[in-house]
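Student: These are the residues of each chain, in order.
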Amino acid sequence: MWSLMHIPEFDDYGARIGELTHLPLRVTVRTDTAVSCNDPVALDGVLAYAMVTDALKGRPFPQGAGPFWQPLPLDCIRRISGLPLWASTDFIPSHLTKSMTHIHRRTSDNPYAMQGLIRTLDQKRPRRYPSSSAGPYMDYRVPERRFVAESWSATCIGNPDEVRRLLGLVRHFGKGGKRGQGVVRDWQVEVIHDFSFYLPDGRTLRPVPITDPGWQIGTRQGWTPPYWLRKTWLPCIPSSVASIL
Amino acid sequence: MNSTGPNNTTLFARELALLNREQISASDVDIQASIDQLLRVALVPASSVEFLTTLTGGELLAVIFASQFPLIYRGEGEGLFAGAERYQYLTTRLVDAATCCSTLPTAWAYVSRKLSLSPPGSGWHPPLLALFSLPPFLQSAALAATLRAPEMIVMGARFIADGMKTTSWRYAEAVDRDTEEGVIYEATEEQVRQLGANDGRMLAVRIPAISGNSIRHNLLRAPGATRLLTELGLTPDREIVPIAVERFLYSGGNTVKGARAPGACDLYEAVVRRNYPFIDALGGSFDQFLLTRSNVSVASWIVCRENNWITASKTDGQYTSDVSIFDLVSEVTRTRSGIGGKDKESGQMIFSYETLAAQTAFLIEVSFQPYTSDLTIGAVMQAIDDWQGSGGTLGAKSAQGHSGFIAEHYRNDVRQALAAEYLSYLAENRDRLRQGLIDATFGTEAVLCGA
Chain A
1 MWSLMHIPEF DDYGARIGEL THLPLRVTVR TDTAVSCNDP VALDGVLAYA MVTDALKGRP
61 FPQGAGPFWQ PLPLDCIRRI SGLPLWASTD FIPSHLTKSM THIHRRTSDN PYAMQGLIRT
121 LDQKRPRRYP SSSAGPYMDY RVPERRFVAE SWSATCIGNP DEVRRLLGLV RHFGKGGKRG
181 QGVVRDWQVE VIHDFSFYLP DGRTLRPVPI TDPGWQIGTR QGWTPPYWLR KTWLPCIPSS
241 VASIL
Chain B
246 MNSTGPNNTT LFARELALLN REQISASDVD IQASIDQLLR VALVPASSVE FLTTLTGGEL
306 LAVIFASQFP LIYRGEGEGL FAGAERYQYL TTRLVDAATC CSTLPTAWAY VSRKLSLSPP
366 GSGWHPPLLA LFSLPPFLQS AALAATLRAP EMIVMGARFI ADGMKTTSWR YAEAVDRDTE
426 EGVIYEATEE QVRQLGANDG RMLAVRIPAI SGNSIRHNLL RAPGATRLLT ELGLTPDREI
486 VPIAVERFLY SGGNTVKGAR APGACDLYEA VVRRNYPFID ALGGSFDQFL LTRSNVSVAS
546 WIVCRENNWI TASKTDGQYT SDVSIFDLVS EVTRTRSGIG GKDKESGQMI FSYETLAAQT
606 AFLIEVSFQP YTSDLTIGAV MQAIDDWQGS GGTLGAKSAQ GHSGFIAEHY RNDVRQALAA
666 EYLSYLAENR DRLRQGLIDA TFGTEAVLCG A
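Keeping their order, the protein sequence lines are chains A and B.
For the first sequence, the numbering used here gives the first residue as 1, with consecutive numbering after it.
For the second sequence, the numbering used here gives the first residue as 246, with consecutive numbering after it.
Just so you know, the hints here were simulated from the structure itself, not pulled from any lab data.
If you're wondering where the values come from, they're calculated on a predicted model, not measured in any experiment.
Backbone N, C-alpha and C fix where the C-beta goes; we use that ideal spot for every residue, glycine too.
Some hints could be false.
Stated by the list, open to error - Below 25 Å or equal to it, Euclidean Cα-Cα: the simulated DMTMM-like pairs (lysine to aspartate or glutamate) are: (1) Lys559/B x Asp186/A; (2) Lys642/B x Asp139/A; (3) Lys231/A x Asp11/A; (4) Lys559/B x Glu666/B; (5) Lys502/B x Glu144/A; (6) Lys175/A x Glu323/B; (7) Lys98/A x Glu396/B; (8) Lys57/A x Asp630/B.
Said to hold, decoys possible - Negatives, chain A to chain B, calculated, CB over 12 Å: (9) Gly14; (10) Thr53; (11) Arg79; (12) Pro84; (13) Val148; (14) Glu150; (15) Gly177; (16) Phe195; (17) Tyr198; (18) Pro200; (19) Val208; (20) Leu234.
Stated by the list, open to error - Derived CB-CB ranges, DEER-like: (21) Arg220/A x Ser612/B: 40 to 50 Å; (22) Arg358/B x Gly218/A: 53 to 63 Å; (23) Met100/A x Ile595/B: 24 to 34 Å.
Given only the sequences and the hints, what does the whole structure look like? Please build it.
Tutor: Shown next, in the form of structure tokens:
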């Protein structure tokens, strides 16, 4: 297992939001460009990104250590080895259309480096030139999924004002924001009547760790922010949103 | 984007976008009447009715459109639509046509040109005219369905064409099949509903775009890297800095095989970001670890009728257009010789590529993450200035005189003054920053980039 670590800035933020009132909420985002993602986008993941950006004032999130306690203005359903399972769902697209494109990375795009590279390697190893099909100078043609939807909605139990404030820091939705994917047009936060991340048929709208020893099957994956931190992955009931992407 | 067919045509990149229905004349259309008018003149074999009922509305129109090719150019076919590979050729050209065109007449013209087909006889005018006079919204739906499942559309077209052959008793007798009747297919309520649903929903269409990846490289990374090296007296391409460092600056670098992030990678990243605002802006990958994020993002929209709802909202209505994106794209055909190797003149190759009309405007949004430092913003503003100063090209084939742009408005940005601060910073810290690149430590205690 892991030992939970604390960052003073995060703890200060947690102290500030500790007494806020929580209500069931629906969060909706509309984008001006296609969204790129391989996995469902989790509301608690988006809020955690915003919290980290805000608390660390733009400094990078520590990569090497962790997991860190990341307080969010959401209800915590339960703690598993100290980490929170937040009361929030993945974003569900409305009227989804899918597509695929490719992004390219070519060393030969650089008119300076490529020429110098050829000369350098030529001096070291005669008749050998940088290969664009293998090795460190290989060209990449990476498939990237594209989704357009009229809107993407998730639900949670949280403080509407603080959720709204944190989302105001998020300019891109999904992956590839630096290349202009998922440019956020607006966020809407509205109060709803009730919340559950379970559907009537037992499926879930977010990954839920399997704590029942009777369960035999699960997908090992992230379930709490940051979702990419492999050491916190657990066997989970996967989100049913993944099946529609 | 390379064409899917062996026809030496390079198409413009396309991105999926949502369009309001009004932008493709979708409002106030009698869907049922339009479809009925088409189906009355486009007969289908009775045996295909069951298959046709399984299709969506868009697929139905696409199959009927595609079936006109085998129906008209029957027998041995003609042009490239002949021989054993004719349906493969039809599939690839249909995909290209559905990508390039927004209406069925232009798609028909595209396929006819690419397959060298003659004009159809007058007997075929009624179904073609009925297809061509469908409301633009229905034509878009047919082309979108073609793009989603081109093989199925061509298979359905072939099914219809083969079935219609057996309406001739001579043919049916020759191939030992029963004679069929050509019937008028009645679209199902679901198919009409799918095509006519006017509930305010938008349509997803693939429209031409320059990728954010390309803009990021041309507009920011390449000019920013050149400026950094030049200001530090490290002329690019003189092998003063390690080639891996140049590659990191110009192409973003890459991790090496078996990369393992050092324990101090967070510290290294913080030091590199503080020392080199250009790297703080664009990020990248060192040999052993990735920089966690990029502080600058670029997004772009071609100013055209389809994008008006975005470009108008982002510029208070200043940038809009009445022209469709599909009218802004045209095809250029060139001939290349000497392709036999060793500079031997051994043949010619005809190839085509798409271009955007001259004076087409692009809206490029360069945005920064919260808490981005002034020096980092200054590095980006300087890169944009340098991009314009060095010719201002975006996209491909600048060597042939394409892709030149003139930037407007960025000079009025108050943050332009930060570029001078960035240059002052480089001048004041010249020796330290220069050494960090020469030894590939970027100011840290470790060599970060040596592959």
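Student: Work down the list of hints and note, for each, if the structure agrees.
Tutor: So, going through the hints one by one against the coordinates:
{"no.": "1", "hint": "Lys559/B x Asp186/A", "result": "holds, 12 Å"}
{"no.": "2", "hint": "Lys642/B x Asp139/A", "result": "holds, 19 Å"}
{"no.": "3", "hint": "Lys231/A x Asp11/A", "result": "holds, 22 Å"}
{"no.": "4", "hint": "Lys559/B x Glu666/B", "result": "violated, 28 Å"}
{"no.": "5", "hint": "Lys502/B x Glu144/A", "result": "holds, 23 Å"}
{"no.": "6", "hint": "Lys175/A x Glu323/B", "result": "violated, 47 Å"}
{"no.": "7", "hint": "Lys98/A x Glu396/B", "result": "holds, 18 Å"}
{"no.": "8", "hint": "Lys57/A x Asp630/B", "result": "violated, 28 Å"}
{"no.": "9", "hint": "Gly14", "result": "holds, 20 Å"}
{"no.": "10", "hint": "Thr53", "result": "violated, 6 Å"}
{"no.": "11", "hint": "Arg79", "result": "holds, 26 Å"}
{"no.": "12", "hint": "Pro84", "result": "holds, 22 Å"}
{"no.": "13", "hint": "Val148", "result": "violated, 5 Å"}
{"no.": "14", "hint": "Glu150", "result": "violated, 6 Å"}
{"no.": "15", "hint": "Gly177", "result": "violated, 5 Å"}
{"no.": "16", "hint": "Phe195", "result": "holds, 27 Å"}
{"no.": "17", "hint": "Tyr198", "result": "holds, 29 Å"}
{"no.": "18", "hint": "Pro200", "result": "holds, 26 Å"}
{"no.": "19", "hint": "Val208", "result": "holds, 28 Å"}
{"no.": "20", "hint": "Leu234", "result": "holds, 23 Å"}
{"no.": "21", "hint": "Arg220/A x Ser612/B: 40 to 50 Å", "result": "violated, 36 Å"}
{"no.": "22", "hint": "Arg358/B x Gly218/A: 53 to 63 Å", "result": "holds, 55 Å"}
{"no.": "23", "hint": "Met100/A x Ile595/B: 24 to 34 Å", "result": "holds, 29 Å"}
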